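Protein chains in written order, with this note's numbering: chain A, 1 to 171; chain B, 1 to 102; chain C, 1 to 629.
In short, the hints are calculated from the structure, not lab data. Hints are not guaranteed to be accurate.
Here are the simulated SDA-like pairs of lysine to any residue, each with C-alpha atoms no more than 20 Å apart in a straight line [unchecked claim]:
no. : chain 1 : residue 1 : chain 2 : residue 2
1   : A       : K127      : A       : A53
2   : B       : K90       : A       : M18
3   : B       : K90       : A       : L74
4   : A       : K127      : B       : L41
5   : B       : K90       : A       : V17
6   : C       : K69       : C       : L140
7   : C       : K497      : C       : L284
8   : C       : K172      : C       : K447
9   : C       : K162      : C       : S83
10  : A       : K91       : C       : A612
11  : B       : K90       : A       : K91
12  : C       : K172      : C       : D559
13  : A       : K127      : B       : K90
14  : A       : K91       : C       : Y611
15  : B       : K90       : A       : L158
16  : B       : K90       : B       : V77
17  : B       : K90       : A       : N24
18  : A       : K127      : B       : M63
19  : C       : K172      : C       : F189
20  : C       : K162      : C       : E147
21  : C       : K447      : C       : I623
22  : A       : K91       : C       : K172
23  : B       : K90       : A       : M73
24  : B       : K90       : A       : A53
25  : B       : K90       : A       : F69
26  : C       : K497      : C       : F51
27  : C       : K162      : C       : G145
28  : A       : K127      : B       : D59
29  : B       : K90       : A       : S132
30  : B       : K90       : A       : P94
31  : C       : K30       : C       : A14
32  : B       : K90       : A       : R160
33  : B       : K90       : A       : I153
34  : A       : K91       : C       : A613
35  : A       : K127      : B       : V77
36  : C       : K172      : C       : F566
37  : A       : K91       : A       : V17
38  : C       : K447      : C       : P569
39  : C       : K69       : C       : S83
For clarity, every value in this text was computed on a predicted model and none was experimentally measured.
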Amino acid sequence: MNGLFYISAVVAILSTVMVITELNGVHALLYMIVSLFSVALIFFTLGAPFVAALEVIIYAGAIMVLFVFVIMMLNLGPRAVAQERQWLSPKMWPGPALLALALILELIYILRRGSTVLSGIQIIGPKAVGFSLFGLYLLGVELASILLLAGLIGAYHLGRRASTKEKEGKT
Amino acid sequence: MALVLMRHGLLLAGILFALGLVGVLVRRNLLFILLSIEVMLNATGLAFVVAGSRWIQPDGQVMFLFILTMAAAEVSVGLALLLQLYHRFKSLDIDAVSRMRG
Amino acid sequence: MLELLWLIPTLPFAGFVALALIGARLSRTKVALIGVGSAGLSAIVAGLVGFRFLLSPPPGHLYSQTLWKWMHVGNFMPEIGLSLDALSLVMVLVVSWVSFLIHLYSAEFMVDEEGYSRFFAYMNLFIGFMLTLVLADNLLLLYLGWEGVGLCSYLLIGFWYKDPANGRAAMKAFIVTRIGDAAMAVGLFLIFTHLGTLKIQELMQRASEQWAVGSTLPIAAAALLLGGAVGKSAQLPLQTWLPDAMAGPTPVSALIHAATMVTAGVYLIARTHVLFSLAPAVQLIVALIGAVTLLLAGCSALTQRDIKRVLAYSTISQIGYMFLALGVGAWSAAIFHFMTHAFFKALLFLGAGVVITGLHGEHDMFKMGGLRRQLPLTFWAFLVGAASLSALPLVTAGFYSKDLILWQAWSSKLGSPWLWGAGLAGALLTSVYTFRMVLLTFFGEAKAQVSRSPGVCIGIPLAVLAVLSVIGGFVELPQTLGNLPLFSEFLHSVLPKAPDQGGAGSLLLFQVLAAIVSLGGIWLAYLLFLRHRHYAENLVRTPLGRALHCFWLGGWSFDWLYDTLFVQPFVTVARLGKEDVVDLFYQGVARLSRILHSGLSATQTGRVRWYAAAIGIGAIVTIGIAVLL
Chain A
1 MNGLFYISAV VAILSTVMVI TELNGVHALL YMIVSLFSVA LIFFTLGAPF VAALEVIIYA
61 GAIMVLFVFV IMMLNLGPRA VAQERQWLSP KMWPGPALLA LALILELIYI LRRGSTVLSG
121 IQIIGPKAVG FSLFGLYLLG VELASILLLA GLIGAYHLGR RASTKEKEGK T
Chain B
1 MALVLMRHGL LLAGILFALG LVGVLVRRNL LFILLSIEVM LNATGLAFVV AGSRWIQPDG
61 QVMFLFILTM AAAEVSVGLA LLLQLYHRFK SLDIDAVSRM RG
Chain C
1 MLELLWLIPT LPFAGFVALA LIGARLSRTK VALIGVGSAG LSAIVAGLVG FRFLLSPPPG
61 HLYSQTLWKW MHVGNFMPEI GLSLDALSLV MVLVVSWVSF LIHLYSAEFM VDEEGYSRFF
121 AYMNLFIGFM LTLVLADNLL LLYLGWEGVG LCSYLLIGFW YKDPANGRAA MKAFIVTRIG
181 DAAMAVGLFL IFTHLGTLKI QELMQRASEQ WAVGSTLPIA AAALLLGGAV GKSAQLPLQT
241 WLPDAMAGPT PVSALIHAAT MVTAGVYLIA RTHVLFSLAP AVQLIVALIG AVTLLLAGCS
301 ALTQRDIKRV LAYSTISQIG YMFLALGVGA WSAAIFHFMT HAFFKALLFL GAGVVITGLH
361 GEHDMFKMGG LRRQLPLTFW AFLVGAASLS ALPLVTAGFY SKDLILWQAW SSKLGSPWLW
421 GAGLAGALLT SVYTFRMVLL TFFGEAKAQV SRSPGVCIGI PLAVLAVLSV IGGFVELPQT
481 LGNLPLFSEF LHSVLPKAPD QGGAGSLLLF QVLAAIVSLG GIWLAYLLFL RHRHYAENLV
541 RTPLGRALHC FWLGGWSFDW LYDTLFVQPF VTVARLGKED VVDLFYQGVA RLSRILHSGL
601 SATQTGRVRW YAAAIGIGAI VTIGIAVLL
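Starting from the given sequences, assemble the full structure and let the hints guide the process.
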């Protein structure tokens, strides 16, 4: 099962690299979904089946679908791809790559000092998560629901068509 | 189930996070920036689950749930803003909205 | 009744406070009521106090009233104290009544001006300070009044502040008098250090006990006080500010620069006469300054075109007479001349004001003419004032006071024939330039039309001052003409008689000489400026004439001299020091701020990815610090 973890890890990294370098929006989204699937698999190997399911259902199933909807709504054509090519010039890469490298090196340095601890010793199922969620972290649940409400209202308000606003004379 | 070194799990999360950061900094299209932010959030969630699994507690998974919720709310608002940007500027170039400068 | 003494300076101060606080919201009538009213009430109280003082003088002819203790520093305890003796009574009466008349005049004169309440506020403040000055019983309070009148002079000269030239004239007045004030302050320090008190009665007593005649301390103290007096009274060498001070409104020139403030120096010397008697060298210098100044200013007045500048130089010259009198020990003669001069000079200025506003701000006498038919009251009043200034024999106040000074200059132990000669020459010059002014302005053919005739508020002060210019001299009739020395007898309780060296027999001769000079001057002016104008013009066209004319017109080039000696070097040094090391430091600070600002504002690009990168860098640095340290 160790190998499963490492294979999933490699797939996740590769697909994430494709996400950030892909020119076509839909292609990038599909690569993202692959990355999410591989992370879900990693969750399974670590003994967290609940969040693995959630990752697929919510993250890949709702959030990414939302992205797809928006892309479809924007109706970007081949012109968008050409524009992306123009924007994504090679000279953009060195700086951010350097930052990322610095970050990873620091992370490696921190992890070097850590002990050889093992994860994935035991499966923690939905029942345990449910007990914890609605017992200890009840307040967090309520706050999360308020956050979703805020997101709902914000998205509704911001998503109104600009043309309707112009028709009403507001800016 | 599988005995994975926590170290490796966290390293994977770090790499994914760094990749997401690169994506935010490099891409100019707002859609891709939002996507890269999702990558970063996902990586953070992975780190939490790895840690929770190490301590044999559901807390990591609970934290991941919260992150997921937050990501959902953020994506909906972010995409709404993206639509507004597109309607106003007819492009998704994030450098077009840089009037607050100087 | 004498307890009301404190009201005399307080009423104008109250008027000032009222006008300063709410004057801008009141109507012109109310403002005039407060302004003129406070001056009037002060004059009435002064009159009552004077009446009581004359009828039943207090013991020792001195009435003191201490209001409160000013400060207490070590053994230095000055008080706000007023003292009334014969000298201050004369000063108070003249100052308060002339001020009241000028206030009345201004109520109509300034009615079209936009700063009406500000004007009356400043004028009231001025009167308050001037009365404090003359009533003060210690030199520190006197100095307070001294500084206060200097401030008000500045404020009033620069009254029409929108024209920068007026501001410059005000600054020039203030700075030149400041030089004198600094000398006076050092004098006060010296007096306090060596005599231990600043109360006038005490210090005069201690000085005459402790200081020998002619020793260095009284010479130094008297010289420093003289410095202050010279500045305030516009005598040599600090006389350059008075002609430029004519930039202020005419009532200001009348009140401050003719009747009251410029005579503060004369009052100071008369008040501290003991110190000057203890320093004969300084007293001689006072006389010399007076003599030289009166000739200098007289020559300059002869060439001026602006009617107010003639009067300004005339004021300098007449105060020179007062200094001459003080210098020869004729203390009461100086105060007598102060009184008559206040009357006729204020009258002349007020008349000039009517002429100037009637001709819409025309100051040049050569553009005036024939106004005697258009402004009859003003003409007659002006004529009376001019006659008094020229010391027309027997009928004018000026004759009696000037004659007394000339006689004392000859007959006093401290006098000399030279001083008398200078005074006599000055009298001739006075007659000539005064009647030059009268003839050019009021006679000849009319070159301009007067638009407005003066009303009651202007007419009354002119009439009253004209009457006073005639009868004011009758309080001091010399031996040959009635022998009624009421004035000097009255002042005798404060000021000693002039040291006489006899020769009273030739008094009549000298009076006749003075009368001849006065009338001769008038006749000369008639010849040169009315009958045969071409004589004067030809005289000016000769090379020597032109040079002299130019020289005298510029006030004997003192402005140029001071500019070259003091102003230009100062300005050069200031300019050199503008970019020196210390300034570089401060400029460096400013430049550094600007660099930092431009650097930091460059980081605000407005681009999201830039900010995200900044967050990333910050995170990396923070983690690095946390990890490595």
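Status of each hint after checking the structure:
no.: 1; hint: A:K127 x A:A53; result: holds, 14 Å
no.: 2; hint: B:K90 x A:M18; result: violated, 27 Å
no.: 3; hint: B:K90 x A:L74; result: holds, 10 Å
no.: 4; hint: A:K127 x B:L41; result: violated, 25 Å
no.: 5; hint: B:K90 x A:V17; result: violated, 28 Å
no.: 6; hint: C:K69 x C:L140; result: holds, 12 Å
no.: 7; hint: C:K497 x C:L284; result: holds, 17 Å
no.: 8; hint: C:K172 x C:K447; result: violated, 34 Å
no.: 9; hint: C:K162 x C:S83; result: violated, 41 Å
no.: 10; hint: A:K91 x C:A612; result: holds, 18 Å
no.: 11; hint: B:K90 x A:K91; result: violated, 26 Å
no.: 12; hint: C:K172 x C:D559; result: holds, 11 Å
no.: 13; hint: A:K127 x B:K90; result: violated, 49 Å
no.: 14; hint: A:K91 x C:Y611; result: holds, 19 Å
no.: 15; hint: B:K90 x A:L158; result: holds, 16 Å
no.: 16; hint: B:K90 x B:V77; result: holds, 19 Å
no.: 17; hint: B:K90 x A:N24; result: holds, 18 Å
no.: 18; hint: A:K127 x B:M63; result: holds, 15 Å
no.: 19; hint: C:K172 x C:F189; result: violated, 26 Å
no.: 20; hint: C:K162 x C:E147; result: violated, 25 Å
no.: 21; hint: C:K447 x C:I623; result: violated, 94 Å
no.: 22; hint: A:K91 x C:K172; result: violated, 70 Å
no.: 23; hint: B:K90 x A:M73; result: holds, 13 Å
no.: 24; hint: B:K90 x A:A53; result: violated, 38 Å
no.: 25; hint: B:K90 x A:F69; result: holds, 18 Å
no.: 26; hint: C:K497 x C:F51; result: violated, 24 Å
no.: 27; hint: C:K162 x C:G145; result: violated, 28 Å
no.: 28; hint: A:K127 x B:D59; result: holds, 13 Å
no.: 29; hint: B:K90 x A:S132; result: violated, 47 Å
no.: 30; hint: B:K90 x A:P94; result: violated, 30 Å
no.: 31; hint: C:K30 x C:A14; result: holds, 15 Å
no.: 32; hint: B:K90 x A:R160; result: holds, 16 Å
no.: 33; hint: B:K90 x A:I153; result: violated, 25 Å
no.: 34; hint: A:K91 x C:A613; result: holds, 16 Å
no.: 35; hint: A:K127 x B:V77; result: violated, 32 Å
no.: 36; hint: C:K172 x C:F566; result: holds, 13 Å
no.: 37; hint: A:K91 x A:V17; result: holds, 17 Å
no.: 38; hint: C:K447 x C:P569; result: violated, 45 Å
no.: 39; hint: C:K69 x C:S83; result: holds, 15 Å
Of the numbered hints listed earlier, those contradicted by the structure are 2, 4, 5, 8, 9, 11, 13, 19, 20, 21, 22, 24, 26, 27, 29, 30, 33, 35, 38.
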